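Chains as they are written, first to last, in my numbering: chain A, 10 to 303; chain B, 1233 to 1875.
A hint or two may mislead.
[As the list claims (entries may be wrong)] Label pairs and their computed distance ranges (CB to CB):
| # | chain 1 | residue 1 | chain 2 | residue 2 | range |
| --- | --- | --- | --- | --- | --- |
| 1 | A | Leu-146 | B | Ile-1276 | 39 to 45 angstroms |
| 2 | B | Ala-1301 | A | Lys-23 | 55 to 61 angstroms |
| 3 | A | Glu-235 | B | Leu-1240 | 37 to 43 angstroms |
| 4 | A | Gly-243 | B | Leu-1240 | 52 to 58 angstroms |
| 5 | A | Glu-235 | B | Leu-1244 | 46 to 52 angstroms |
| 6 | B | Ile-1276 | A | Arg-18 | 41 to 47 angstroms |
| 7 | A | Gly-155 | B | Leu-1294 | 57 to 63 angstroms |
[What the hints assert, rightly or not] Chain A stretches covered by chain B per the calculated footprint, using a threshold of three residues with CB under 8 angstroms from any CB of chain B:
| # | region |
| --- | --- |
| 8 | 121–133 |
| 9 | 247–254 |
[What the hints assert, rightly or not] Below 25 angstroms or equal to it, Euclidean Cα-Cα: the simulated SDA-like pairs (lysine to any residue) are:
| # | chain 1 | residue 1 | chain 2 | residue 2 |
| --- | --- | --- | --- | --- |
| 10 | A | Lys-259 | B | Ser-1277 |
| 11 | A | Lys-246 | B | Met-1303 |
| 12 | B | Lys-1824 | B | Ala-1399 |
| 13 | A | Lys-246 | B | Leu-1240 |
| 14 | A | Lys-33 | A | His-57 |
| 15 | A | Lys-104 | B | Ser-1277 |
| 16 | A | Lys-246 | B | Ala-1399 |
No lab work stands behind these hints: they were computed from the structure. In this text the structure is predicted, and so the values were computed from the model without any measurement. Where is the CB? At the ideal position from N, CA and C, for every residue including glycine.
Here is how the chains run, residue by residue.
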Amino acid sequence: MEPAPILDREFLEKLERLTLRWQKSFAGLVGGHNQSRFAGAGQEFLDHRNFHHGDDLRAVNWRAYLRLEKLFLKMFQVEPRVPVRMLVDISDSMKGAAGEKFYYARRLAGALCYVGMVRLDSIEIHGFSNRLGRRFLCTGGRHRFGPVLDCLGSMEPGGQTDFFAVLREFISSYSQRGLTIVISDFLDDQGCQRPLQYLADFGHELMLLQIWSEADRTPPWDGELELEDAETGGQMKVQFDDSARVRYTKAFDEYADSIERLALRAGGRYVGVSTAQTVEEVLFGPLVRSRGVA
Amino acid sequence: MHLLNLTLGQFLVLFGSVSALMLALYLLDRSRRRQIVSTLRFWISAEQPTVVARRRRIQQPLSLLLQLASMALLLLAIAQLRLGMPASAPRDHVLILDTSAWMSARAAPPNGRAPARTLMDLARERARAYVRAVPPRDRIMLVRADALTTPATAFEPDRQRLAEAIAASEPGATALNLEQALSFARQIQAHSGRRAGEVVFVGTGKLADHDPGKLGLHNLRFLSVPDAVENCGLRRIGVRRSVADSGVWEIYVSVRNYGTASRTATLALSFGPSTDGPGKSPVGSQRLVLPPGADREASFAFRTRAAGFLQAQLFPRDAFTADDRAVLQLPPQTELRVTVYSLQPDLLRPVLAASPQVAATFRPPSEYSAQTGGSLVILDRFHPPAPPLGDSIWIDPPAAGSPVPVRARVTDVPFVHWLTDHPLGAGLRTKDFRLESASVFEAAPDDLKIGEVESGPVIVARPGKPKLVVLGFHPALSTMRYELSTPLLFANLLRWMAPDVFRRWELNTGSVGTVKAPLDADVRSASLRVVSDDGSPVPFTVRGRALEFFSGTPGTVRVLAEDREYVYSLTLPQLWESKWDVPAETRRGIPKFPAPLREATDLWQWLALAGGAGLLAEWLLFGRLRRGRVRVSKRPLAMRKAS
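Please construct the entire structure, taking both the sequences and the accompanying hints into account.
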């Protein structure tokens, strides 16, 4: 029996009115749907400037020349095709709660891919844990969405998260800046803030989607616990009760806040997603409100 | 307040075990939970690592207490806690009535004039007296005990039915196995589900075997039946054919004095065509002086070939007459008739005259008749016009008239092989034996090749009806006449032709019960068959060189082994071997039970409900519901900020 697809047709049809949004302007090809502050061969008028030798005479505003006897060049807003890259965390920590986070992350990634492909965006998907996974290019419109689902469905979780190694490899692989969507729980023992800041400093616009299960944020257990880290295998024994649970949740929220601050400071977006919410709720709720999609 | 199903000790042991198990499970389940988490980052900041010593600390004592209390209530329900005095609860008694053979002995009348009564009558009277003394709410099971323990009733509250069962109890033929009866009583009381009453034994206490001891029975009562009875009886009779003279029966009789005084008895044997009819003739008699508790054996010899009944009697008769007389059926002494057609009868006369069970007739071939008249025919180098209709032995037949085709005629050939693993060739052995002249036969696939030379069989036997043996040479005309194998070969041939005639008989008269019969060394266990009068098989075991089987009723059991038949006429009663040493704490006499007190009240239903409710409450308060509840704020902090 074939496994059920991670996204069904009915849900995908609801996504067709959405568009991936980014805030920065990137130098790119014509054909996108986001405005840019860069002038180029667009349809929307941007400004005039003085004509310089070598400029295209077809862009000269001849009406202004007749009136002012000076050559002015009309500049148009370029509508670039900005590359969108999506990094999906497939580390062992995503396997927690019976693979709930991993499944959720793939659904969310698939939904965002579909939103982009409807608008003819080119999206490159990478799985990652301690290194960048194989690149999968999604392009050609909604009718090419089937392979995307196959790609996401074939992902297998495993490995220990290493943001530093992954993002260094990412930056070295892609010199062209663009929108980078990171779907992860951001649980890296070595810390993920510095590598992400490094990525933002390099000119990429960040959209950080932090996924957690309820057990990640509010562990339901009581008493003495023998804990094992899903990624490192490290163990510790703790005494856990209601007051400890409050402290734990507070620490978790502080960590999520730090990631959010990083994203906002870098001009990007951050959305915290609980797996208790449906993907539809997240897309039409927090993601729209954060202007990640419109 | 008392427990019906368990003693207090049993309850405490059970509760202790359950409590220990629950505590272990509790510590295992509640003390430390192994979890795999996405990261340890937040746990470190949430809580300091615990110390190992805290593992054994009970985290939720109320939960544990609730569980223990609930289990205690359930155990009390299982143990059937009752309000009221234990004595008020009805009890189940087991009444063991001795129905061994000895109970048919007649007790001496107390005043010397009243008619004598059997020990069984006295035991019935004692049993009825006990039944009358038992409180009406108590139940009684009547068990008849001899070699086997047989319950006559279930736990019966109806005294009338008990009285009928007691009246219907009769002495059996075996001795008492008290150990088995007491074990049965203990088990049946344990399984009855009600309060155990007394185990009452009514009898003389004369046992078949060893003393059973107490068997852990503290509720044992002994209603003794006086048995000051002098008895002297036959224990065993053995009869077999004399080895020296097959026409003579050798008879051995064993007599025992069971009494306490020395006795002089006359043992008389008679033989006749029936047990009680006319025509009996005396075989012999002996006067025996029997000290108390001693055995004496007498032997007799009696010549007869006729079948009949051998009867042994002891005089004078005593109070126990069942072992004063024994009857044994003797089989007839049959003989094998052999007709020899030969021109040289002297050659075969010695081998046929060697066995007294063979009656040989020698005739010339001219008087041959195919009608054998049931006798075995030996054809000595003679080709009859028609083959005999019965069993026959052909000695060196002419090639043209041999019943088995002759393949070749050989001369001066060594004899190479005997078929020694078959009864026909058993014991045959020759060394450097050569045949001057012999016919080699073309044996059929089913034929037995008794003797062979290099080129083929020279002695062939053909089983079936009629049986046929062909010899390719004349043993008395070859060098084989000097070999011991010649008479052995003929003996084997005659035994194979007529096994019933040569069957060895051994007859024994003994008592019913377990019979141990020694077996001859050459008897194979696989050939043993034990059958009763009606031909049905009797279960048996073989231990070493002894065969054991059990017969609970008088009758005849036949043991068939190889060519022997052992007949056990188990008509004598099995009497006691020892007397029960009654434990000191055993109660005696007819008891006086206290009057029943008020009715006891069952509580087990309420206890079970309370226990179940306690477990349910524990589960609701401390169990999975509480532990599985997730404490999450409606909207996570990060999501609030994001929105």
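Indices of hints not satisfied (ascending): Violated hints: 5, 8, 11, 13 and 16; rest satisfied.
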